[in-house]
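There are 2 protein chains.
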Amino acid sequence: MGSKESSPIGIFDSGIGGLTVAKAVMEALPAEDIIYFGDTARVPYGIKSKETIQKYSAEITRFLVSMNVKMVIIACNSVSAVAKEVVTEAAGELPVLNVIDAGTKAAIQTGKNQIGVIGTLATVNSGAYKRELLKRDDSLIIKSKACPMLVPLAEEGWTDNEVALKTLSIYLNGFKNNGVEALILGCTHYPLFKSSIKKVFDDRDIEIIDSADAVARAARSRLKKTSMLNTQDKSGNLSCFVSDHPQRFRELAERFLGREVPDIYIKHLQE
Amino acid sequence: MGSKESSPIGIFDSGIGGLTVAKAVMEALPAEDIIYFGDTARVPYGIKSKETIQKYSAEITRFLVSMNVKMVIIACNSVSAVAKEVVTEAAGELPVLNVIDAGTKAAIQTGKNQIGVIGTLATVNSGAYKRELLKRDDSLIIKSKACPMLVPLAEEGWTDNEVALKTLSIYLNGFKNNGVEALILGCTHYPLFKSSIKKVFDDRDIEIIDSADAVARAARSRLKKTSMLNTQDKSGNLSCFVSDHPQRFRELAERFLGREVPDIYIKHLQE
Numbered sequence: 001m002g003s004k005e006s007s008p009i010g011i012f013d014s015g016i017g018g019l020t021v022a023k024a025v026m027e028a029l030p031a032e033d034i035i036y037f038g039d040t041a042r043v044p045y046g047i048k049s050k051e052t053i054q055k056y057s058a059e060i061t062r063f064l065v066s067m068n069v070k071m072v073i074i075a076c077n078s079v080s081a082v083a084k085e086v087v088t089e090a091a092g093e094l095p096v097l098n099v100i101d102a103g104t105k106a107a108i109q110t111g112k113n114q115i116g117v118i119g120t121l122a123t124v125n126s127g128a129y130k131r132e133l134l135k136r137d138d139s140l141i142i143k144s145k146a147c148p149m150l151v152p153l154a155e156e157g158w159t160d161n162e163v164a165l166k167t168l169s170i171y172l173n174g175f176k177n178n179g180v181e182a183l184i185l186g187c188t189h190y191p192l193f194k195s196s197i198k199k200v201f202d203d204r205d206i207e208i209i210d211s212a213d214a215v216a217r218a219a220r221s222r223l224k225k226t227s228m229l230n231t232q233d234k235s236g237n238l239s240c241f242v243s244d245h246p247q248r249f250r251e252l253a254e255r256f257l258g259r260e261v262p263d264i265y266i267k268h269l270q271e
Numbered sequence: 272m273g274s275k276e277s278s279p280i281g282i283f284d285s286g287i288g289g290l291t292v293a294k295a296v297m298e299a300l301p302a303e304d305i306i307y308f309g310d311t312a313r314v315p316y317g318i319k320s321k322e323t324i325q326k327y328s329a330e331i332t333r334f335l336v337s338m339n340v341k342m343v344i345i346a347c348n349s350v351s352a353v354a355k356e357v358v359t360e361a362a363g364e365l366p367v368l369n370v371i372d373a374g375t376k377a378a379i380q381t382g383k384n385q386i387g388v389i390g391t392l393a394t395v396n397s398g399a400y401k402r403e404l405l406k407r408d409d410s411l412i413i414k415s416k417a418c419p420m421l422v423p424l425a426e427e428g429w430t431d432n433e434v435a436l437k438t439l440s441i442y443l444n445g446f447k448n449n450g451v452e453a454l455i456l457g458c459t460h461y462p463l464f465k466s467s468i469k470k471v472f473d474d475r476d477i478e479i480i481d482s483a484d485a486v487a488r489a490a491r492s493r494l495k496k497t498s499m500l501n502t503q504d505k506s507g508n509l510s511c512f513v514s515d516h517p518q519r520f521r522e523l524a525e526r527f528l529g530r531e532v533p534d535i536y537i538k539h540l541q542e
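Keeping their order, the protein sequence lines are chains A and B.
First residue of the first sequence: 1, per the numbering used here; consecutive thereafter.
First residue of the second sequence: 272, per the numbering used here; consecutive thereafter.
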């Protein structure tokens, strides 16, 4: 096995929400080593200007490249929306995947015509999912809804209590009464609400598209196609780097990752 | 009137929540000019390390000093908890007030013995209110509760709907059943929930202490004592500076300020 195949996959996000993507990648590609970077010192990106997000994304990509990754996965929707070109440039020859492209492709593959998108205010306002979907099929009918309360709910651990269900029911009310057939979860935190979302739609048949799963499948397919799969017969390692050590980090990280979190390293980026 | 009396009051916060403090100061001191700085590029501070918060606070204080303010008010609980010494040093000769000291003094003045404190996770975990209260009266019984959902609720504009009331009822449940007689609102966003909090306590008699009002009263008293009141007979000006222009800024700012927001200037701090 050459050195490139055994290199880790780099995944980054503005914070720790992207660990849902790390989790999906670990499930799809259990032998791969992963280097995760969460920019916890500067989270959230969603409210920052495009220029600031691009600058931060380039810094992080250079860090991942310096760690000898073989692929970069943008787990952050805000970065995917406004900085994928910057990341691709900073990544040089390395393949770069992102949650918006992957989620969009997965939505198209469902064959459904009416597609709903939920995300943070920044992601929805960027119009990135809508734009990418229409680029692939301009006959689609797209309806979007920003759901700003879902990230704090997920971080509070309230994903299926009365407050969560009432909040989801307010946000998803419009989708319940129109013809939406598939719903893209356009935010790294949202996979935690999958079962509550199903509850809110109760008997309505709706396909839920998880961008984390979608980008993990895309990564596996790309690595296969380029003969870059890690063929070691043990489980891959996950190394977590964060730019600051936020409170409750471990508790939150374990919630998003769905398992115990290994060692966490602090990596300060230039300021 | 000397030049110092006519100088503005500087108020700063990690974001725009501190506009509730600007509002309280404008009500208590209508003739004063105010320079407000919200570090919207780097909000939230609560999850950042002490060193980072201190560095940012010193930068902002130097900016306010360069704007010739006559007083610095720290509207941010996280800064008040970990950086008031740093701000005092950067402010040189200028008086520095902060929401924690002011809220604490106001709580003592109620004469109540059992005091509740609500705030963000960072403020509550810092123990700053508890420490300051016990320093003034070690016979007090203090009970604290972090309420992480209240900031996003306020920013979503959900301060009295079903979700807000249910959330408050979960957070305040402990206070309802113990002997708490006064409740400190230890976060700039919380004044927006005053009437909903009263609803949740329904017949329980509880005194609500708003740190924004408290620091405004403290500012008036300090300016009077030092003959530094602005005696102009027109309303003072409010100038708003932010380090980045976040989405929905104007809408949010108007909600916190309770009136139309004047011109907003972008002031980039060093990075």
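Take the hints with a grain of salt, since some may be wrong.
Stated by the list, open to error - Chain A is faced by these chain B residues, among others (derived, beta-carbon under 8 Å): (1) A299; (2) P423; (3) V434; (4) H516.
These are calculated hints, taken from the structure and not from any lab test.
Owing to the predicted nature of the structure, the values given are computational and were not obtained by experimental measurement.
Glycine is no exception: its CB is placed at the ideal position from the N, C-alpha and C atoms.
Against the structure, the hints come out as follows:
1. At about 30 Å, the closest approach between the beta carbon of B:A299 and any beta carbon in chain A exceeds 8 Å, and the interface hint on this residue is violated.
2. With its C-beta approaching chain A no nearer than about 4 Å, B:P423 sits inside the 8 Å limit, and its interface hint holds.
3. Residue-level restraint check for B:V434 holds (minimum Cβ-Cβ distance to chain A is 5 Å; threshold 8 Å).
4. Of the supplied interface hints, the one on B:H516 holds, with its beta-carbon coming within about 7 Å of a beta-carbon of chain A, less than 8 Å.
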